[in-house]
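Build out the structure end to end from the sequences listed, making use of the hints.
Chains as they are written, first to last, in my numbering: chain A, 4 to 293; chain B, 1153 to 1447; chain C, 19 to 250.
FYI, nobody ran anything at the bench for these hints, they're computed from the structure.
No false leads were mixed into what you were given.
Residues from chain B that keep clear of chain C, each with C-beta distances beyond 10 Å, as calculated:
(1) Gly1236
(2) Asp1275
(3) Leu1282
(4) Glu1318
(5) Ala1373
(6) Lys1434
(7) Glu1439
Pairwise CB distance ranges (calculated):
(8) Lys1202/B to Asp120/A: 45 to 51 Å
(9) Glu1439/B to Asp120/A: 53 to 59 Å
(10) Asn238/A to Glu1252/B: 48 to 54 Å
(11) Arg1257/B to Gly178/A: 15 to 21 Å
(12) Asp120/A to Ser1372/B: 38 to 44 Å
(13) Lys1445/B to Leu9/A: 43 to 49 Å
(14) Gly178/A to Val94/C: 34 to 40 Å
(15) Glu1252/B to Leu40/A: 52 to 58 Å
(16) Gly75/C to Arg1317/B: 51 to 57 Å
Virtual Cβ for every residue (Gly too), placed ideally from N, Cα, C.
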Amino acid sequence: MTVSKLPEISARRRRTDKFMRGTLVAAFVLALIPLVLVIYYLIYKGIGTWSKSFFTTDPNGNFFGYPGGARSAILGSIEIVGLASLISIPIGIGVALYLVEYGKQTAFANFVRYLTDVMTGVPSIVFGLFIYIVLVEAKVGGSGFTAWKGSIAVALLMLPVVARSAEVVLLLVPGSLREAALALGAPRWRVVWRIVLPTARSGLVTGSLLAIARGMGETAPLLFTTAGVFGLTFNLNAQMNAMPLQIYNDILSPRTEVNNRAWGIALVLVTLILILNLLARAVSRRSRVA
Amino acid sequence: MTPDETTKTTSEASDRQPTDGPASGSTRPLAQVPDVSVRPARGGGGHAVKVRGLNAYYGDLHSIKGVDLDCPANEVTALIGPSGSGKSTVVRCINRMHEEIPGARAEGSVTLDELDVYGPGVDVTSVRRLIGMVFQKPNPFPTMSIFDNVAAGLRLTGTKSDDLRELVHRSLRGVGLWDEVKDRLNEPGIGLSGGQQQRLCIARTVAVEPEVILMDEPASALDPVSTLKVEELIDELKERYTIVIVTHNMQQAARIADSTVFMLDGEVIEVGPTNDIFTNPKDERTERYVSGKFG
Amino acid sequence: MQETRHHFRESLKELEQLTLGGLDLVIQQLDRALESVAYQDVELAGMVVADDDRIDGRYLEVHQAILSMLAREAPVAGDLRIVAALLHVIRCVERMGDQCVNIAKLVPLSGYEAPKDKDILDFIERMGQLARSQVSQAKHAFATRNTALAQDLVRQDAEINRLNREIFKRAVEVGDDLDVREWAMFMILVARCLERVGDNSVDIAEQTVFVVTGLFREFADAPTRPAKAEAT
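Put into structure tokens, the structure is as follows:
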């Protein structure tokens, strides 16, 4: 029995196909435009301000003359977010471990999950306000605005992000590995410490890096807690500068050189976030859970 | 005397009554002659498992109903039965892995020699060190090398060992994996083939020197040649350990088990020497399952 | 690590040895039965009858072991043919044992006087030797899987059949003495038993060829002319 030629695609189908393709490409381009514009503007306006002094001098708040660089802002951000990471990442992973290994589907665990999800949606300014009332107003630790209080606010912001992504990653660890370890006679904490965490390590690192990237860019929590200063300081118990704060300050200034500096700092911020993202990707590619 | 009466025929010989043959309902009782295919049981030094009145639940579901079981020392006991008959559950109750499932619990008595596994105050982790388990799907730890995988049992239980390297090498030799991996002990464990991975998992279990090894369908996920290698291994392992194996492959039970237990719907239907179960089972349900009429 | 199914291979070897060992028992029985016929030794004949228990016991042992092996090891291909052939062979062994008993049981019947006809006795002796060598050759052929040797058995069987007919003719012409005629009748029966032993050996030879080639061919009934030994 011979098979006759298969029927051709009708003209109507071809037209529909072309139309849908066109629509999708248009939507894609539309979505891409603002992104491209932002990056273009950033580079265009910001790259000019990058110079040796930009990275080695602090902003000096002068009305005339050289306005200074952005060193204290960059280093300050790193310090504040660094401390925030030290706080939020272990706690976040701990929460995720509890949910996955111990709480599982109990009522309390489900409640914690719900709260964590809610926290990811809370506007960052609310965290700032919360810390302002609890720590700054009350002048806990002796002084009002300090860097470490800002770190706590940022940590509160990062915590649900870390917890959520860590939970997803920990759930990906096959149950058979836990079973194998338990069947060997390992106590549960050892199973977690020596088997589950190492297996999930790359995913946890990725999640943490993404949380750090998020924390770097937040302005609102720092406004009420750290309240930037121009000078460089390494004292976490004092006021400190940060990139978003400096940008905020610089944009409001009437001086164009200062405005330009804001663009430069914004470019640094985006570049840092880009580097963190690339790092996360490289780590996740290197080691995959089998 | 006529020649006819003197001529002997074969049927006369077979109608000879056995002196102490098994009481059976079969048509022609055979004399009790030594079974050449069953090796004599090893005496002394072994560890036996006894299960009495075991009931297991998944939440409200009563899945194991009053099971009694004997796993003699240094023998292979196989549990066979259709899916859902509870064979895996029973075995997981022996090393208390059943209770790791949320909502699951077990009642009854499981004894390893004189030790009551469910006794008050008994440390679950030490039970599992004495009763090891090999799973259906080979599960070497992906972040560890071959060497570390075998040593994992010792490290996870915090057991100090005088010569870890020697112990790991011995375990690998004991499972017949040594020649294949001796040059790549530091390579990841998951780089091996399926059959090798399973033998690696067996080496890992053996390295902590348990007394009993439970195996939950250890060869189902393997190709036929690897399956036979694992079966050979089990035959060697029973010299030093007591082995309980769950299998849905009846031929496997027929090949390697000394005694076979047939389970159905959470109950033990029949227990006996493997030879009897496969040539002359007592219960009709066993007969039907074993000859493939259901299951 | 040994090759796989080590235990099974060992068991199969043991089973074959057990079965072929039965042929050794048969040869023993045959020797003694023939001796008892030649010397009218009633006591020896009695021993042959009693010792048949050993052959029967061997039969049951092998039978049980084969059942066990089929149930537990599920042999296939060559192994399956071996097991099936061994079942057949042990039946032949049992039958051959029974034929020896039949011969032995004929001894006291043929009277306590010395045997009567030298020709017939010669024939019987020759038949006995042939039967014995057939059994021995069958065992050897099976053990070494030698199909040429197996097919050669047909040739020997032709000779046994010829001797059988000679004895019959001679018995018919043996003379008028009643005792001698009676004795000759019994010798016909003894010859027939020996002929049966020969047939069973040929059966074993056929099984040998089956094991090796997977084909079951009845060796042609021994014709009056000698059979050709083919190279298969």
